[in-house]
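Residue numbers (the working numbering), protein chains in the order written: chain A, 1 to 114; chain B, 1001 to 1114.
Hints are computed from structural coordinates only; laboratory data are not their basis.
In silico BS3-like pairs for lysine-lysine, Cα to Cα no more than 30 Å straight-line:
| id | chain 1 | residue 1 | chain 2 | residue 2 |
| --- | --- | --- | --- | --- |
| 1 | A | K54 | A | K5 |
| 2 | B | K1057 | B | K1013 |
| 3 | B | K1057 | A | K38 |
| 4 | A | K101 | B | K1013 |
| 5 | A | K5 | B | K1057 |
Okay, the calculated beta carbon distance ranges per label pair:
| id | chain 1 | residue 1 | chain 2 | residue 2 | range |
| --- | --- | --- | --- | --- | --- |
| 6 | A | H76 | B | G1016 | 46 to 56 Å |
| 7 | A | D55 | B | R1009 | 32 to 42 Å |
| 8 | A | S8 | B | S1065 | 34 to 44 Å |
| 9 | B | K1057 | A | K5 | 22 to 32 Å |
| 10 | B | N1077 | A | Q14 | 41 to 51 Å |
| 11 | B | P1061 | A | P79 | 42 to 52 Å |
| 12 | A | T45 | B | K1057 | 23 to 33 Å |
| 13 | A | N67 | B | F1060 | 28 to 38 Å |
| 14 | A | I18 | B | R1009 | 33 to 43 Å |
| 15 | B | R1015 | A | H76 | 41 to 51 Å |
| 16 | A | R109 | B | G1058 | 17 to 27 Å |
| 17 | B | T1038 | A | S52 | 20 to 30 Å |
| 18 | A | T94 | B | R1063 | 21 to 31 Å |
| 19 | B | T1053 | A | R17 | 46 to 56 Å |
Yeah, the Cβ is synthetic: ideal placement off N, Cα and C, and Gly gets one too.
So the chains spell out like this:
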Amino acid sequence: DQQVKQNSPSLSVQEGRISILNCDYTNSMFDYFLWYKKYPAEGPTFLISISSIKDKNEDGRFTVFLNKSAKHLSLHIVPSQPGDSAVYFCAATTPGGRAQKLVFGQGTRLTINP
Amino acid sequence: KAGVTQTPRYLIKTRGQQVTLSCSPISGHRSVSWYQQTPGQGLQFLFEYFSETQRNKGNFPGRFSGRQFSNSRSEMNVSTLELGDSALYLCASTQGGSYNSPLHFGNGTRLTVT
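Can you build the whole structure from these sequences, using the hints too?
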């Protein structure tokens, strides 16, 4: 049962344009969502997060939008740069005291073309 | 601050053998989590340790086990290896105070089972 889904395995965007990565979830108990970026041969690195009490969070070129009613979140990258080419994972977690357990999507490979 | 360190980076084992992977968290981080990454399943949570105690566990068979030492370093063991255990094993650490603290990942151990 895939509770977090990234339905696009890959996305190709021209440099300077907007990249939009999408993520859907099924578990209504998720209350915190994160995006990670992963380069080949490296571990994922944290990018941006959003709490379920918000519908938008912005950090520089990166903005995450959350639509709770649709159980959908998206990551916008504007403008896209060649260094943004990587695999992007969305992840979610439920309130659980202090215990850590992220549920990840399968990732979207973003390629930024010059 | 040094990042999360995982050793070894690559490992080749034969079906039926056992393997131990090691993880040194970021200094001061008391929570260590392990994830398995495979092309078909994405990143899947194995377990989390905090102060030498397993605080959370994913849906993996008992062949997968772990432990954490008093200095927060952690090891993961897989016994009776199967071909399907071939994957990238990622360790991540956080200070451990909150379930929604972003994880800091190591670069992983690539395990190949032949």
